[in-house]
Every structure is written in structure tokens, then in C-alpha cells.
Amino acid sequence: MSLDTQIDTLRSDLSAAIAAAADEAALDTVRVSALGKKGSVSALLASLGAMAPEERKSAGPAINGLKVEIAGLVDAKSNELKAAALDARLRAETLDVTLPVQPAPTARGRIHPISQTIDEITAIFSDMGFSIAEGPDIETDYLNFTALNFPEGHPAREMHDTFFMKPGPDGVKKVLRTHTSPVQMRVMQKTNEKPAAAYLTPAMDPPIRVVMPGRTYRNDSDQTHTPMFHQVEGLVIDKSSHIGQLRWVLEEFLKAYFEVPNVTLRFRPSFFPFTEPSMEVDVQCDRSGSEVKIGEGSDWLEILGCGMVHPNVIANAGLDPEIYQGFAWGMGLDRIAMLKYGMPDLRAFFDADQRWLDHYGFRPLDLPTLFGGLSS
Amino acid sequence: MKFTLDWLKQHLDTDASATEIATTLTLIGLELEGMEDQGKAFSSFVTAHIVSAEQHPNADKLRVCKVDAGTGELIDVVCGAPNARTGLKSVFAAPGTYIPGKDMTIGKGNIRGQVSNGMLCSDAELELSDNHDGIIELPADAPIGVPYDQYAGIGGVVFDISITPNRGDATGVYGIARDLAAYGLGTLKATDMSPVPSRGPSPILPLPQQFSADEPKTIRRFGGRYIKGVRNGPSPAWLQQRLRAVGLRPINAIVDITNLVSLGWGRPLHAYDADKIVGQPVLRNARNEAFEALDNKVYTLDETMTVIADDLGPLCLGGIMGGVRSGVTEATTNVFMECASWDPDLVARTGRKTGIVSDARYRLERHVDPALTDPGLELATRLVLELCGGEPMEPAISGDDIYPNTVVDFPLSEVKRLTGLDVEPMIITAILTRLGFELTAKGDSFTVKVPSWRPDVTLKADLVEEVMRMVGVDNIPVEPLARLSHVAPRMLTTIQNRRRIARRALASRGLDEAVTWSFISHDEATRFGGGQESLQLANAIAADMTDMRPSLLPGLLAAARRNANRGIDDLGLFEVGQVFLSASPEGQHTYASGIRTGTARLTGAGRHWSGKADKVGVFDAKADLAAALDALGIDIDKVQILAEPAPWSHPGRGGRIALGPRITLGWFGELHPAMAAELDIDFPVAAFEIDLDAIPEPRQKATRTKPALALSSLMPLTRDFAFVVDASVTAATILRAARGADKALIKDVTIFDVFEGAHLGEGRKSVAIAVTIQPSDKTLTDEDIDRISAAIVAAVTKSTGGVLRA
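Listed in order, the protein sequences are those of chains A and B. So the first sequence is residues 441 to 816, counted in the numbering used here. So the second sequence is residues 2 to 807, counted in the numbering used here.
By construction, these hints were calculated from the structure, which means they are not laboratory data. Fair warning: this is a prediction, and the values are worked out from it, not measured in the lab. Just so it is clear, CB atoms sit at the ideal spot from N, CA and C, and this is done for glycine as well. Be aware that a few hints might be false.
[Stated by the list, open to error] Computed beta-carbon distance windows for the label pairs: (1) A:Lys478 <-> B:Ser611: 51 to 57 Å; (2) B:Leu386 <-> A:Ser680: 55 to 61 Å; (3) B:Thr731 <-> A:Lys634: 35 to 41 Å; (4) A:Leu539 <-> B:Arg563: 30 to 36 Å; (5) B:Asp778 <-> A:Thr809: 54 to 60 Å; (6) A:Ser455 <-> B:Trp610: 48 to 54 Å; (7) A:Asp726 <-> B:Gln56: 56 to 62 Å; (8) A:Gly737 <-> B:Trp610: 30 to 36 Å; (9) A:Asp726 <-> B:Asp681: 44 to 50 Å; (10) A:Lys634 <-> B:Ser611: 54 to 60 Å; (11) A:Glu762 <-> B:Arg563: 54 to 60 Å; (12) B:Asp423 <-> A:Glu762: 54 to 60 Å; (13) A:Thr809 <-> B:Thr798: 52 to 58 Å; (14) A:Pro607 <-> B:Ser611: 56 to 62 Å.
[As the list claims (entries may be wrong)] To give a feel for the contact side, a few chain B residues facing chain A, derived at Cβ under 10 Å: (15) Leu485; (16) Arg505; (17) Ala515; (18) Ala543; (19) Met546; (20) Ala561; (21) Arg705; (22) Asp749; (23) Thr751; (24) Asp754; (25) Leu805; (26) Arg806.
With these hints in hand, go ahead and build the complete structure from the sequences.
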């Protein structure tokens with residue numbers, strides 16, 4: 441058999457064997473049988489030594505070529521087998537990616553609309569330069585009424601449906617505050633005393649610009665009244681603030697809060713003991729549909745009360761009403777939340793029905809800011 | 002308060018339309034609550050003539066009528082009224098007309114074989130009165146085919162306005178007219194209140210006011226007038242219609258007159274049947290005595306209330322309501338008419354005490370013009386004479402009215418100062434003058450005398466309001482409120498920020514924020530450490546809302562129970578809100594508290610393909626608490642976690658978080674099974690409470706420069722140790738001891754295994770810790786590491802009495 445024939449036969453046999461190898465082990469057997477120390481190609485290479493130089497000159501490259509070729513084929517086959525094995529493993533590892541994952545905690549927890557609304561109001565009024573002030577829920581009769589110019593026995597006191605506390609050891613007549621207005625007095629009153637607790641806003645010197653959100657209580661319960669509710673109140677005291685600026689503050693606030701380009705307000709003269717002149721404010725809206733749309737339509741909706749702080753109140757705070765003046769306004773927090781977000785029933789606010797909280801609540805990181813928009 | 006357009010026009014000469022009046026009322030502070038045209042309901046009824054009325058062939062009680070309603074043809078109508086007769090003029094409703102008294106719309110029909118195309122109507126069917134004895138009988142000369150509201154002059158526009166408590170003067174139509182006239186909507190018409198001549202001395206003498214000096218006295222001036230020989234009976238149609246239009250029931254002429262004067266001029270009256278008064282009546286304070294008022298209820302009076310009394314006892318509760326015993330009936334022939342002036346506060350107090358709501362109280366507690374007491378009596382007398390005849394005797398008057406006679410110095414610049422609006426001085430003075438104020442110029446200012454009907458006006462600001470409501474708030478120019486020149490350092494206080502952060506942090510852990518009532522039941526309050534008397538409401542609205550809450554947990558647990566009743570067993574709830582530890586301001590703290598129920602764990606709840614969630618436990622609550630504290634800037638590793646459970650907690654599965662010996666930051670634990678049973682809770686609950694007010698104020702600003710960061714280039718190394726200790730030894734003890742073994746090099750200690758087993762011995766457990774050692778400036782030698790390890794073992798065994806596990 442000539443060398444050429446020998447090489448051809450070997451090539452075709454080994455090629456076939458490599459191609460037929462089913463796995464890495466079979467391939468390795470083929471590789472050893474050809475290229476191993478005792479392999480067929482190695483044997484052929486070894487035979488070079490016995491050849492005449494002339495013969496070797498032509499046979500050497502031919503045999504070496506075969507060796508390189510077979511090694512190449514083995515490598516290629518090896519890569520092919522590895523890829524196939526990986527492929528098979530990955531196929532076996534396939535998961536049903538449509539299986540639902542456990543929802544992230546942030547996707548389950550919700551912020552109550554009252555807290556969200558307080559944060560929204562805080563964002564807006566902070567931008568106008570107001571800080572947030574607070575007082576206690578259990579308030580003295582004096583700060584809730586008398587200091588705010590509610591004379592004893594006046595029908596206006598009656599209208600408040602006050603919850604009274606049973607007498608305590610200090611003998612001071614106390615009520616559950618019927619409005620957030622006593623905080624006005626706490627902020628305004630001239631005193632050198634440090635507040636009794638850290639949450640109590642210390643008294644300030646004018647100019648004063650504060651907003652006071654908080655829980656309030658009245659002995660009243662029906663479809664639209666709950667014995668506990670929330671108010672937010674604002675106060676400006678300086679030497680020149682007047683109703684024209686009050687109108688501006690309210691218009692700007694309502695535009696920002698309801699996120700509408702325009703609001704039309706109607707100011708009606710009214711009566712509150714702690715303001716003079718006093719006004720109630722209606723906002724123009726459309727009530728024809730199922731939701732109230734602020735900033736359009738031809739209906740009016742009463743939304744807040746306001747006025748110039750009564751001279752008696754300024755005087756009760758220890759300031760001279762001939763020098764200091766200012767305005768105040770107050771509104772129902774729950775009510776404006778209901779108007780903006782469409783909750784139909786106030787009572788549901790305090791029921792903690794998980795279905796309601798999940799539906800009307802806000803995502804934990806939906807933090808109202810002016811730079812990011814009140815609601816994202 | 003309701004009044005009709007027609008009534009208003011009695012006092013106001015105006016061409017203004019009802020709509021214009023309605024708009025103006027709201028603009029000047031008399032808020033319109035409603036307006037309806039009551040005539041509209043009657044406009045589809047027409048006057049008609051019964052041309053013939055014949056017996057119905059198939060029904061004894063029915064008649065078949067041919068009716069001329071001015072349509073040009075005769076209409077067949079079957080009518081059941083006994084007075085339906087040929088030639089009668091009555092009121093006809095064509096098919097399609099709504100019949101208010103029957104709440105139905107009449108159609109074309111066939112009644113027992115006879116065609117009937119409409120209906121002849123009674124007063125009751127039109128809801129004009131309760132009379133349903135027969136169809137309306139109109140005079141023979143009545144025109145035919147005229148809408149009935151036009152013919153009868155009934156109905157018309159009714160306004161309903163709300164009156165603020167300061168505006169007693171607007172509780173009468175006359176006062177409303179005065180305001181509208183001041184606005185420029187017409188001219189006020191005066192009422193004749195001149196004295197009516199008397200026919201002789203009064204059989205009832207002026208009422209003695211029998212009060213001792215120290216007694217509260219509601220009465221000021223009492224005017225009475227004896228009118229002899231009246232013929233009482235139903236009042237005329239115009240008066241009945243007027244009262245009905247505003248929702249009052251006509252009773253008899255005398256009583257209707259008292260209502261007319263009360264609503265028309267805001268001047269309440271009371272009429273007594275003089276023949277039922279026994280002896281000379283007096284004014285005195287009530288004793289503890291019973292009184293049957295005109296509302297047919299019996300009230301027990303006390304000495305703070307003033308009564309008009311005769312020899313038999315109280316006749317009338319002063320300023321509030323008359324009594325049944327001396328009430329005026331159609332049989333009354335001698336009337337004693339009262340027009341009195343009362344102390345508004347004392348009327349209000351009596352009203353509150355008795356709970357009687359009357360038109361008289363409504364007006365008198367808002368202050369009635371004292372200048373109307375005597376003229377009001379004359380007006381009432383004149384009306385009685387007009388409607389019922391009789392002979393007026395001399396007025397019987399005692400006591401004195403109180404006139405505030407307020408005078409205010411009013412620089413007109415006040416208007417600009419408070420409103421920002423420039424108003425011409427002439428306009429200001431004109432408005433105030435039309436409202437009844439008397440102005441006298443005094444230098445740059447004015448002296449303003451307040452009219453007797455406006456006791457609410459005492460200050461410059463009150464006068465500004467009067468001007469403002471007539472000029473219109475809408476005319477005040479809007480002016481931006483400039484920001485203060487300095488930028489406020491911060492808008493929220495520390496505690497306000499803490500609440501915000503706590504809310505968002507807890508919601509981020511899958512808890513829903515609840516807002517629950519500040520008051521809970523006494524039983525719940527007591528269980529959670531509250532319930533003291535000073536935190537109880539004197540007038541709670543419900544039995545389960547009596548005590549201010551000492552903890553947020555009762556509210557959250559009640560919410561969990563409600564949710565469980567709706568089938569929601571896996572619930573995560575929290576609240577950030579006030580609790581009340583005492584009734585003083587410092588007793589109010591803000592807590593952030595939460596609960597998890599069922600299997601509502603951080604990693605998921607209920608059954609899931611990846612694994613079923615375990616029921617919630619103490620460590621779920623502890624993790625929530627730690628996360629919230631971390632968000633608030635408190636490192637959980639830097640506080641003390643003590644095995645001192647809260648009273649509401651499982652005694653072995655709860656703890657307290659403290660900062661030093663004095664500050665408790667919060668509690669966590671599983672709900673005590675006994676407590677759960679008492680609260681009717683049959684599912685697992687893990688809960689925590691954080692006292693946000695207990696967290697100390699940060700000593701430094703949060704934005705301070707942070708200490709330099711020292712990063713070691715040396716690899717940290719970890720060594721594990723296992724100790725066998727008594728089962729009562731807490732993990733915290735072991736961790737604290739190990740950490741303290743070498744504070745410079747030990748960076749972290751974690752527990753990676755805890756187990757108990759028989760081979761460890763009864764009451765023993767094994768705790769395995771991993772200690773991370775961070776070399777700082779040089780690689781540690783084996784000797785160094787051995788030394789640290791020995792220190793760790795020594796520290797732990799010393800503090801726990803345990804041994805290193807072999």
C-alpha cells in the first residue's frame with residue numbers, strides 16, 4: 441500500500457470516527473487512537489525515521505498535514521459536543537417565567553389619603569414660605585373658645601358640638617379641640633415659656649406664616665360628619681397683610697392643590713368669631729358628572745372659611761391690633777381630599793378596610809413635592 | 002330662614018328680579034341656601050266652570066261633569082266630590098298635570114264606563130290645606146281658564162337663606178330688606194308702628210319683676226297689652242298662604258299674627274288667652290316646677306330660667322315658648338299680647354337646657370332690636386284690631402331695655418388697611434348711612450354711632466366688614482403675598498419629619514396606613530394602660546368611643562377584626578398618630594405602631610408556589626420596628642433590646658427597646674393569647690409600638706460634616722465560635738460580650754446558629770457566632786488572632802457562664 445493510499449484511508453476512517461463520536465469520551469478515544477503515543481497517526485509519523493531522505497521530504501509534510509487536520513477535526517467536534525451539552529443543560533433548566541413573583545413590600549403598603557394630602561399641602565405652603573405648626577388635641581376651653589373671641593354662651597359656641605373632657609386633677613376646663621384654630625393662639629401668644637413638649641410649636645414673633653393641619657373633633661355623626669375629622673388652617677400676621685393677599689394665597693393654593701391652571705373663587709361675607717371681616721369661599725366647579733371637577737363648570741362648592749384675624753384675638757395674644765394685622769383661613773382636610781380623589785364617604789376614612797386603603801391609598805415612595813409634581 | 006318675594010316686597014320697593022335678589026343675598030352675606038317658585042306647581046291648574054253635572058249611571062257617589070276650562074270645548078270629567086254641581090266654578094287639572102296632594106299625574110281615563118279627561122281638585126289635592134271635603138269653590142264671577150296661581154295670588158318665589166349667629170337683625174324680612182336697600186336694590190318701606198290709642202285701663206297691671214339682686218334675670222323690658230273682645234278664627238287667605246309658603250302651619254288669626262311679626266320684623270311675640278290667666282301674672286325665676294309647653298311636652302324648669310307666672314304657676318317660659326294652659330284658641334275673646342326684651346345669653350342657656358327649638362328662641366338668642374319692644378307691641382295690636390277687632394287697653398310695661406349705644410372712631414383708611422381696596426370716602430359713608438349707622442366727621446376720622454339693631458358691631462373691623470360686603474369682596478384686587486426676605490431654615494419640625502419618615506418607611510415594608518379613632522372604649526383603654534378619668538369624655542358620642550387612646554393598638558386590632566370578618570386574614574396595618582398618656586399637652590405623644598396578622602410577612606403572605614408563608618411572629622414585629630428606627634436615624638445595634646415584654650405581649654415573646662435607663666423607644670411582640678381572646682381575635686398577631694417623641698432630638702445637624710472614612714486595605718477575616726450556655730441567656734448578652742472583647746479590631750458579630758438538643762443537657766442551648774475581625778494597620782499574626790479569639794471566649798464565658806463547645 442502506498443503512503444498516499446495509507447494517508448487517505450486513515451483520513452477517511454478517522455474523519456468518520458470523529459464525526460460519529462457521540463460524546464466527549466468517545467471523541468477522546470478516537471483522538472487517542474489517532475494522535476496518542478500509540479495512535480495510528482503517531483505511528484505513521486514515527487515511520488518517517490526509517491525513510492530515505494528523499495522520501496521523507498515528500499512524506500513528512502503529508503503526514504504532518506494529516507496530524508494537523510485530524511487534531512483540527514477533533515477540536516471542532518469537541519466544541520460542537522460542548523455546545524450541544526450546554527444547550528441540553530440549559531433546556532433542562534428552563535423555568536416558567538410567567539409564574540408570579542411575591543410582590544415587593546412597596547407594592548403592598550399604602551399611605552392613607554389624609555397623610556398624603558397633608559404632605560401635598562405642606563409642599564405647597566412650604567414653597568410660599570409657611571412652616572407647619574401644631575398643638576394638642578386635648579385643648580383648654582380658653583384656647584379653643586375664649587381666646588378666639590367666642591363669648592361664653594354665644595350661639596357660635598353651640599354650633600361646635602363640643603366634646604368635653606371629664607375634669608382632671610389640674611382643674612382646667614378642657615375640650616377636644618373643635619378646630620385647629622387654638623394653634624393660632626399658641627403660635628401668636630407672647631410668652632417666654634418653652635413649650636411643654638417638642639411637638640408643640642413655640643410662640644413666634646411676627647411676621648408669622650404658619651399652616652396648621654391636625655385632628656379635630658365634634659360630637660356629630662352622619663353621612664358627611666364623623667366625630668373625628670381633620671382640618672388645616674393657615675395664619676399670616678404682620679403689619680400689612682390684607683384681604684387682597686388672602687385672595688392670592690387661596691387662589692394659588694387651590695390651583696396648586698387641584699393641579700388646574702385656573703380656579704374661580706366666590707367670597708361671601710360670613711361670620712366667624714375669630715375673624716373680622718369674615719368670609720366663606722366657594723370654588724367654581726362642575727358637578728354634573730359623577731366626579732366634581734374643580735376649575736370648570738358653573739356650580740359653586742363651599743370649600744373654606746377665612747377672614748382678617750379679629751382684633752380681639754390679636755389682643756388676646758398680647759399683640760397690639762393697631763400695629764399687627766393678618767389673615768387666617770381654615771378648611772376640612774378630609775373634605776378636600778375627598779374632592780380631589782373622589783372618595784364618596786367620609787366614614788370610610790377611619791374604618792381601615794384594607795380594600796379601601798389599597799384602592800385610595802398612595803404608594804410609599806409617591807412623595808408629594810413641587811419639583812416632582814404633587815402626584816406622580 | 003324662609004321668606005317669599007311677595008313678603009320681601011312688602012318691605013322693599015324694588016324692580017329687581019328674583020334671580021338678582023338671590024345673587025345679591027349671597028354676595029352681602031345672607032347666604033342663599035335655596036330658591037323655589039312654589040307657584041310653578043299650581044300654574045298648570047286652571048279655573049274652570051262646571052257647565053253641567055249629572056249623576057253617573059253606574060255609581061251612586063260619582064257625577065259626570067261637562068267642564069269649560071277656557072279651551073273652547075267642553076271636557077268630560079267624572080268627579081266624586083259631593084259639591085260638584087252644575088254652575089260651580091272650581092279648579093281643573095288637565096291630563097298630564099301632576100297632583101301634589103296625591104303624588105300622581107292625572108291621565109285620560111274611563112271611570113265605570115264614562116270618559117274622564119282630567120280632574121276637578123280640592124284644596125288638599127293642591128296641598129293648599131288639609132281640606133278634602135270637596136272640590137274648591139270659586140266665586141261665581143271668577144274668570145275661566147286662568148292659571149290658578151295667578152288667579153289666587155298664591156305661591157311665588159320662596160327664598161331660603163342661612164343667617165349667621167351675629168345677624169339677629171336679619172331674622173326678619175324687614176331687616177333683610179334693609180340690607181338689600183343698602184346694597185342699592187331698592188328702597189326700604191317703613192312700617193306704621195305708631196301707638197294705637199287705648200280704650201281704658203288694662204285689667205292686667207304691668208308685670209312685677211320679682212327677682213332678688215343676685216338672681217340671674219332673663220327679662221329686661223316686658224310689654225303686654227290686653228285686647229278685649231276679639232273675634233278669633235282662621236286668618237285671612239293671604240296670611241295663611243304666606244305662612245304656609247315658609248313652612249308654618251296657620252293656626253288662628255291671633256297666633257298667625259304673632260308669627261307674622263316674628264318672621265316679618267324679627268320681633269317675637271306671645272299671645273295669652275287672658276281669661277285663662279288666674280290672678281295678676283308676674284315675672285320671676287322658675288322653681289323646680291313642671292311646665293307643659295305649646296309643643297305639648299312637659300319640661301322641668303329650674304331657678305336659672307325666667308317665667309311669666311300666674312297664681313297657678315308658669316304660663317310661659319320666657320324667651321322660649323308659651324304654655325298650653327293659656328294658649329290662644331279660636332274661642333279666645335280676650336287676648337294678652339306680650340312683646341318683651343330678653344337677655345340673649347340667658348335665653349340661649351335656657352334653650353340649651355330644655356332643648357326647645359323655637360322661632361322665638363332663634364331670634365331672641367341672636368339679639369332682637371331693643372328699640373322694637375314698644376313699637377312691636379303697637380304693631381301687634383294694630384294687626385289684631387285689623388284682623389280680629391277688639392278694644393286695646395293701656396299697655397302694661399315694666400323694666401328697662403339695654404341699649405349698647407356703641408360709638409366707634411372710624412378712620413376711613415381702615416377699609417384700605419384691612420382689605421387692600423381703595424373705596425371712595427363718599428361711598429363708605431353712604432353705605433354705612435344706608436345701613437343705619439350715624440356718621441359724624443371728626444378730623445380725618447368719623448365717629449360712627451351703631452344702630453340699636455346691630456349690637457354685633459363694636460369695632461373698626463366690624464365697620465370694614467359692613468363696607469366690604471356692600472362693595473363686594475370680588476372687587477378687592479388680588480395681590481401676591483411676597484415671601485419673607487429670609488429663607489426659612491426649615492418648614493417641618495423634627496417630630497413632623499419623623500412622622501413622615503415613619504409612615505413611608507413602614508408602608509415600604511408592605512404595611513397599609515390606617516387612621517383610626519382617637520377615642521376607644523373604656524375597657525380597651527384600661528387594658529392598654531389608660532382609662533384614667535381625666536382622659537374620658539364627659540359627653541361621648543358612643544359607648545365604644547369614651548376614652549382617649551393610650552395606644553394605637555386597640556384601634557388597629559379592632560380594624561384587623563373587621564377585616565377578618567370580611568375574609569381578609571393576612572393583614573399588615575400601621576398608624577402614625579397621637580396617643581394620650583395624660584390630659585396635658587406633654588401627655589400627648591405620637592406613636593408609630595403596626596400589626597401583622599395571619600401570615601402577612603415581609604417576604605409575602607399566604608400560599609405561594611415558591612413556598613408557604615409561616616404565621617407572623619415576634620421577629621416580624623421586631624424587624625418592622627428596627628426598620629422604622631433605622632429610617633429615623635437610630636441604629637438598632639446601638640439600642641438595648643430587653644426581654645421585657647409590654648403588658649399586651651406574650652410574656653415570652655415580646656421585648657422592649659430602650660436607650661439607656663430612662664428612655665423607652667418602643668415595644669414589640671406577639672399578642673398575648675389571653676388579650677387576643679378578650680378582644681375576640683382568633684388569628685396570630687405580631688405588633689410593635691414606637692414612641693416617636695421618645696427619640697432624642699439629634700444633637701447635631703444632620704447635614705454636619707461626616708467623620709473621615711478610614712478604609713483598610715487589609716482583608717477582614719472571620720472566626721466562628723460556638724458556646725453552650727444556659728437556655729435563659731439572651732443572644733444580646735453574647736453579642737455584647739463578643740463585641741466588647743476587642744473594640745478596635747472586632748467589626749461585626751453575627752449569630753448564625755442556635756439550637757437545643759438532648760446531648761447539650763437539659764436547659765442548655767448552643768449559640769454559634771461569627772466574628773469579623775478587621776485588621777487596621779498591619780496584617781495579624783497567628784498569635785494576634787489567637788489572642789483575640791481567647792479574649793472573645795473569655796468575655797462570652799464570663800458574661801454567660803457558658804462554655805466553648807468542643
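Here is what the structure says about each hint:
In this structure the hint that Lys478 (chain A) and Ser611 (chain B) lie 51 to 57 Å apart at CB holds, the actual value being about 56 Å. Between Leu386 (chain B) and Ser680 (chain A), the C-beta spacing of about 60 Å keeps the proposed range 55 to 61 Å intact. Against the hinted window of 35 to 41 Å, the Cβ-Cβ separation of Thr731 (chain B) and Lys634 (chain A) comes to about 40 Å, which satisfies the hint. Roughly 33 Å separates the CB atoms of Leu539 (chain A) and Arg563 (chain B), a value that falls within the hinted 30 to 36 Å.
For Asp778 (chain B) paired with Thr809 (chain A), a C-beta distance near 46 Å fails the hint of 54 to 60 Å. The hinted window of 48 to 54 Å between Ser455 (chain A) and Trp610 (chain B) holds, with their beta carbons roughly 50 Å apart. Under the hint 56 to 62 Å, the C-beta atoms of Asp726 (chain A) and Gln56 (chain B), about 60 Å apart, fit the expected range. Under the hint 30 to 36 Å, the C-beta atoms of Gly737 (chain A) and Trp610 (chain B), about 51 Å apart, miss the expected range.
Checked against the given bound of 44 to 50 Å, the beta carbons of Asp726 (chain A) and Asp681 (chain B), roughly 47 Å apart, stay inside it. About 55 Å separates the C-beta atoms of Lys634 (chain A) and Ser611 (chain B), a value consistent with the hinted range of 54 to 60 Å. Remark: the range hint 54 to 60 Å for Glu762 (chain A) to Arg563 (chain B) is upheld by a beta-carbon distance near 56 Å. Separated by about 21 Å at the C-beta atoms, Asp423 (chain B) and Glu762 (chain A) break the suggested range of 54 to 60 Å.
Range check, Thr809 (chain A) to Thr798 (chain B): about 55 Å between beta-carbon atoms, so the 52 to 58 Å window is met. In this structure the supplied range 56 to 62 Å holds for Pro607 (chain A) paired with Ser611 (chain B), their Cβ-Cβ distance being about 59 Å. The beta carbon of Leu485 (chain B) is positioned within 10 Å of a beta carbon in chain A (closest approach about 6 Å), and the interface hint is therefore held. Interface hint status for Arg505 (chain B): upheld, as the beta-carbon distance to the closest one in chain A is roughly 5 Å, under 10 Å.
At a threshold of 10 Å, the smallest CB-CB gap from Ala515 (chain B) to chain A is about 4 Å, leaving the interface hint in force. Interface hint at Ala543 (chain B): satisfied, since its Cβ lies 8 Å from the closest Cβ of chain A, which is below the 10 Å cut-off. Hint on Met546 (chain B) holds. Least Cβ distance to chain A is approximately 7 Å, under the 10 Å limit. Hint status for Ala561 (chain B) relative to chain A: holds, with the closest Cβ pair at about 8 Å, below 10 Å.
With a cut of 10 Å, the hint placing Arg705 (chain B) at the interface with chain A is violated, because the nearest CB-to-CB distance is about 20 Å. Using the Cβ-Cβ criterion of 10 Å, the hint placing Asp749 (chain B) at the interface with chain A is not satisfied: the shortest such distance is roughly 25 Å. For Thr751 (chain B), the interface hint is violated, since its Cβ never comes within 10 Å of a Cβ in chain A; the closest pair sits about 23 Å apart. The criterion of a C-beta within 10 Å of any C-beta in chain A is not met by Asp754 (chain B), whose closest approach is roughly 26 Å, and the hint is violated.
Taking 10 Å as the C-beta cut-off, the interface hint given for Leu805 (chain B) is violated, the closest approach to chain A being about 40 Å. Hint status for Arg806 (chain B): violated, given a least beta-carbon distance of 37 Å to chain A, over 10 Å.
The structure does not agree with the numbered hints 5, 8, 12, 21, 22, 23, 24, 25 and 26 stated previously, though it agrees with the rest.
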